[in-house]
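Undergrad: If you want the building blocks of each chain, they are given just below.
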Amino acid sequence: MVGSGAILTSLPGVEAVATLSRTQVDIFSRLFLAFVVLGTTVGVVVISYLMYNAYKYRTDAPDADGKYDVEEETDDDVVRPQLGEIPTSAKGGKKLFLSFGLSAVLVLGLIIYSYSLLLYVEDTGDVEPDMEVNVEGFQFAWAYEYDNGFETTGELVVPNEEVVGLEVSSRDVMHNFGIRGLRAKTDAMPGQTTETWFQADESGEYQAICFELCGSGHSNMREEVLVVPTSVWEQGQENYNFDNPDEFEQWYDQTIDAWKNGEFDDQLEVTN
Amino acid sequence: MSDLPPRSSVKRWLVTTNHKDVGILYLLTSVFFLVAAGVLALLIRIQLLQSGGTILSGVGYNQVVTAHGFIMIFWFLSPFAFGFANYFVPLQIGADDLAFPRLNAMSYWLYLFSGVLVLGSFFQGATFMGGWTAYAPLNVPAYIPEFGEVGSFATIVALIAFVGSVTIGSVNFLTTIYRMRAKGLRMRDIPLFSISILVTVWMMLFAFAAYLAALIILSSDHLLHTSFFALETGSGPEATDSGSLLWTHLFWFFGHPEVYIVFFPALGALAEMVQTFAGRRLVGRKWFIISMALVGIQSFIVWMHHMFLTSINLEIKTVIMVTTVAISLPFDLMVFSLIYTMIKGKIRWKTPFLFSIGSLVIFIIGGITGVFLGAIVLDYSFRGTYWVVAHFHYVMASSAVILIGAVYYWYPKMTGKMYNEFLGKAHFVTSFIGFNMLYFPMFIVWETPRRVFHYDSGFTPFHLLATAGAFIFAGSFLIMFYNLFASLYSDRHVDESPWAYASSPEWAVSSPPPLDNFPGKPSFASGKLNFLDRAGTDGGAKSETATDGGVATGDETLAPPEEHADHASWWPIMVSSSVLFAGLGISGLSVSYAVWPFALAIPAFIGFLGVEGARQDGFALIHGIYVMVAFPLTVALLILFHLGIGIFEAVGNASPYFWVGLIGSVWGSYTLAGFGYESFEVPEPKMAEQWPFESVENTKLGMWAFIASDIIVFGAFVGAYIFTRFEYGWEAWWHIAEDPSAHTMAGQALEHHPVLPGLINTYLLLASSFTVVLALTAARHKGNYSLGPLTISSRQATLGFLGMTFMGAAGFLVNKGIEWVDLYLHQGWTFGVDVMSSTFYLTTGMHGLHVIIGMLVLLFLIARTYTGAYVGENEDAGTLEYFGLYWHFVDIVWLFLFPLFYIL
Amino acid sequence: MASTKTYTAIFVALMALSTTQAAVEWLGLLEENYWPILGVILVLSSLKAMAVAGWFMHLREEPRSVTYVALTGLVGVLALTAGASYSII
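Chains as they are written, first to last, in full-length UniProt numbering: chain F, 1 to 272; chain G, 1 to 904; chain U, 1 to 89.
There may be inaccurate statements among the hints.
[To be verified] Distance condition first, Cα-Cα at most 16 Å in a straight line; then the derived EDC-like pairs of lysine to aspartate or glutamate:
#1 G:528 <-> F:85
#2 F:260 <-> F:205
#3 G:344 <-> F:77
#4 F:91 <-> F:77
#5 F:260 <-> F:223
#6 G:183 <-> G:684
#7 G:183 <-> F:162
#8 G:528 <-> G:189
#9 G:686 <-> G:533
#10 G:286 <-> G:421
#11 F:260 <-> F:155
#12 G:344 <-> F:60
#13 G:700 <-> G:710
#14 G:700 <-> U:62
#15 G:700 <-> U:61
#16 F:260 <-> F:224
#17 G:700 <-> G:516
#18 G:417 <-> G:496
If you're looking for bench data, these hints aren't it; they were derived computationally from the structure.
Extracted from the complex, chain F is given alone in its bound form:
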């Protein structure tokens, strides 16, 4: 998905809307689409109107002597600004307030709509995480701690379709933990804990990137996030006790090896 032009990839998949699933990706996509459509419309209308007026009321009189600009004429009923006057308004206040009111309604509507989505994203009561991962940023990588106690500074491996809750903090300076493609993002601050969650629709390779300048290695502070197909995860659960960190570690190592050897290539829906 990545690399094919960002606007295209962030447009909502038709299927997602049809099933009305509410992952962070869907919410972002729907809202972004609404904003792009409305924003472009408003922008085009306003800019066109601006250009239309500026063109329509142009005047091309030649420079008069000594002046680099046209001379004044008094051939219409419009009161022109005069040198040294005490400034006053021109007519047109009604129209001004009409357009102002319209824009206010539009902006308010958009914001109320987006606020309802925010409440959904923020309300962990609605979204019950299937698993929790603690994330700790440090210069210049991420450390993960699964809820079974397993710790790693390598890849984050999570199952597809499940809601993953993240508690994010930092060991040194401020970072920002974001998984592009899954729309999970939150600040990693020392001494503070922030929360977010994500739910992958498609298994595959994603990247956990640092979005806050954190020092000399910031530019390349990114690690793989592996969303394994549900089947792989479930099979692992059958063979290993995932509540036991040691057993989980065995499965984790195996899975990473398999992935690096290309064994998942035909199963992953999203690849880099």
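Given the coordinates of chain F, work out where chains G and U should sit on it, guided by the hints.
TA: Frame of chain F, contents of chains G and U only:
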């Protein structure tokens, strides 16, 4: 205090205090910084030619990104706008000059030298590399590579000097606009550019004060090793729980208004240009002004929308989302107002208009993409990406584009020559194409992380396009430089105004305007601009001086003001240059040397007060005493210095920074004394519109504006303390200091921190406040006091009370010294041992610094009073009153510090 | 300018209020009843500040607009302090 040399002489530009000269200096200097930051921008674009970078290392890239932001925002955009403000605000409101011309020159030189400091930081190892947002704790030495520590701190010091320049400038413009308008020109009647400057300086006065507090906190972590942001523990640095969030609060409380601070002057200029070139008055002018004022106020309650992903709670996010949306609405109104003004206009597509309409397009795009960011859910994903980068460049650079238009608009007025229209239009076309090629692709590849040069290879074409656009945009400025330079030598002379329908007063005078701006005293009393005969209007009124120093002239006021208003002074550039040296020195000082250059400057200051006083006012006993006292005081300090560090080691081992700092601060002592004693006459405005400050003299209003900003500085320290204390648990606060296990470095806990020293100091400060009021009463007392057989003149009484004030302040410091020695040395409660000690020492220490500054000013006032100033028939002791305001303010601050740090 | 007598009265009141603040701590009232007493102490500080500003700084005699200039700064820091502190509670 000399005549102004002609413009062809270099000396003219060093000594001038004239607002038009200073305006031109600002414009030229800011263009220099535009080029500097522009080159940095090109480096960024070259680095981004391919993912993984081309020419810069990680730290190199971080430095370039950081310096580009700092220089563009602080050393280009605002000063560029204030170049125009300096030149045109007095012309537009009908004033001869700004209220405090010498301070205005000082603003400029401080700005220039702070810029030299920031550029110099590149050569001190490395400049600051934590982004212009300087998030904590990446901004403290613990997390800065060793080679970058000195340069990073130099950048912070440069910012502090810059804030000094901004604050002086804000006070100056506020006073000028409120107190020096032509008769008949109500506040609502002043031209839109000047109104926009007024709103801007209000925001600057408060926003930069908060930034100053943040920078001082940061400096103290650098220089004194306090631990607001990170603790030094046995096992290495450890960020504090509160520091990261504290910095974002302080920074964005300043940072968001700053966005409007750089944009509003441009908006005002845009409104003027649209009005002129559309040949129509602005539609809804009143609402346009109200919108600007509303945005100015609201800008201080939206700062947390830069922090939506931090750990702030949902309730506050909701509040901030509402205020953020609300702040976009006034902008809608302003944009519509500008568009409707064009209807039925007589629009001439001259270069300034092209830039106006181009910038409107850019601003509309920037505004709409900004609304995207207002929706929190979208903001979550946009955070730290090129969506933000593209958005704020569309907004901020639209401000630059407007101001470039303003260059063409006002060029004929400033030079008396017309620019080349064809080249102007060519500049617009290339810059508009270049601009959009540069920034629009960033919206398409918005998923590129910000301040990163590793991106997905699929984005490369768009980044190539942006880089190409950057070079076109940069190249377009060469056309402008050529045009403006060549046109200077053209024969396209202009008279008052080359533009039809230009209405503001600057177009009613010759181009360029004469030194004293107007052919007569401007007045709008008749309903339109008139120039009245100067001698007639000034006759008989008594002259008041706007600065201290010198005796007000009585009868010479019948002459036109330009003959007794002073225009030239060497002191502004000299005082500011001392800031350059002292700042450079401080950047490389180690903690053990930190205080000494400045401590040793104190006796130097006292000595120079004596020397300069004798030179200016004639020798008097008091001058001799000052010079005499300076020597033993120096010796005493040297002994202390020897006990602390060892003179011989210091002479041998001290870094060059120590010597530069020492020279800078001693030079500062000398120049400040000279600045203080110089007689520099600026008559108080007479026959001016002064609502709502009719009965408040210029200097008093200036002092109050300064105090208002100082309220923010101290308020921010107290706010930082309260915030930090809440973070650690309000009532558990004292346990931080009392818990031995928390003090791995000190090895012992704070045993006691009694109320009594605080109470004694409260008594002392209150008493000194009381005596300073009595000093003022005595100075205004007519005749002598008689106490039984004793007769005391009002001058002696004034001196006595000033002396008592000084003694009270000295007692305060001695008591504080005893307390600090106990806490710091005996109980091992050092500056950085925990976050609580940091808040205590820095907040009360900053207050103590105010007390010391007050005492030095008192010494000056005592000398001046002794030799005959302030008290007497023709004096109203204004200077003593203004000092009193400062002193009482310092007292009030203590009234809150006392309970907050000693009782609660 | 008020009379010397007024200034003296203000000064005495200021000293008395400061003593009260410290006495509250010494008598142990603060520990018994932390938040109400905290309120009282801060109200006393505010009263003192108003007395200094009103009489010593002559705000009572200046046009109201001067007071507003200072109040604007005060409102600004209150917004900062309240907003920042509330955001983490």
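Undergrad: If a hint holds in the structure, say so; if it doesn't, say that too.
TA: Results for each hint:
1. G:528 <-> F:85: holds, 5 Å
2. F:260 <-> F:205: Since the Cα atoms of residue 260 of chain F and residue 205 of chain F sit roughly 11 Å apart, the hinted pair holds (cutoff 16 Å).
3. G:344 <-> F:77: holds, 10 Å
4. F:91 <-> F:77: holds, 12 Å
5. F:260 <-> F:223: holds, 14 Å
6. G:183 <-> G:684: With a Cα-Cα distance of about 14 Å, the restraint between residue 183 of chain G and residue 684 of chain G holds, given a limit of 16 Å.
7. G:183 <-> F:162: violated, 73 Å
8. G:528 <-> G:189: holds, 11 Å
9. G:686 <-> G:533: holds, 14 Å
10. G:286 <-> G:421: Not OK: residue 286 of chain G and residue 421 of chain G at ~33 Å, beyond 16 Å, violated.
11. F:260 <-> F:155: holds, 11 Å
12. G:344 <-> F:60: holds, 14 Å
13. G:700 <-> G:710: holds, 15 Å
14. G:700 <-> U:62: holds, 10 Å
15. G:700 <-> U:61: Given pair residue 700 of chain G, residue 61 of chain U holds - Cα atoms ~13 Å apart, limit 16 Å.
16. F:260 <-> F:224: holds, 11 Å
17. G:700 <-> G:516: violated, 24 Å
18. G:417 <-> G:496: holds, 11 Å
The structure fails hints 7, 10, 17 (numbered hints given earlier, in ascending order).
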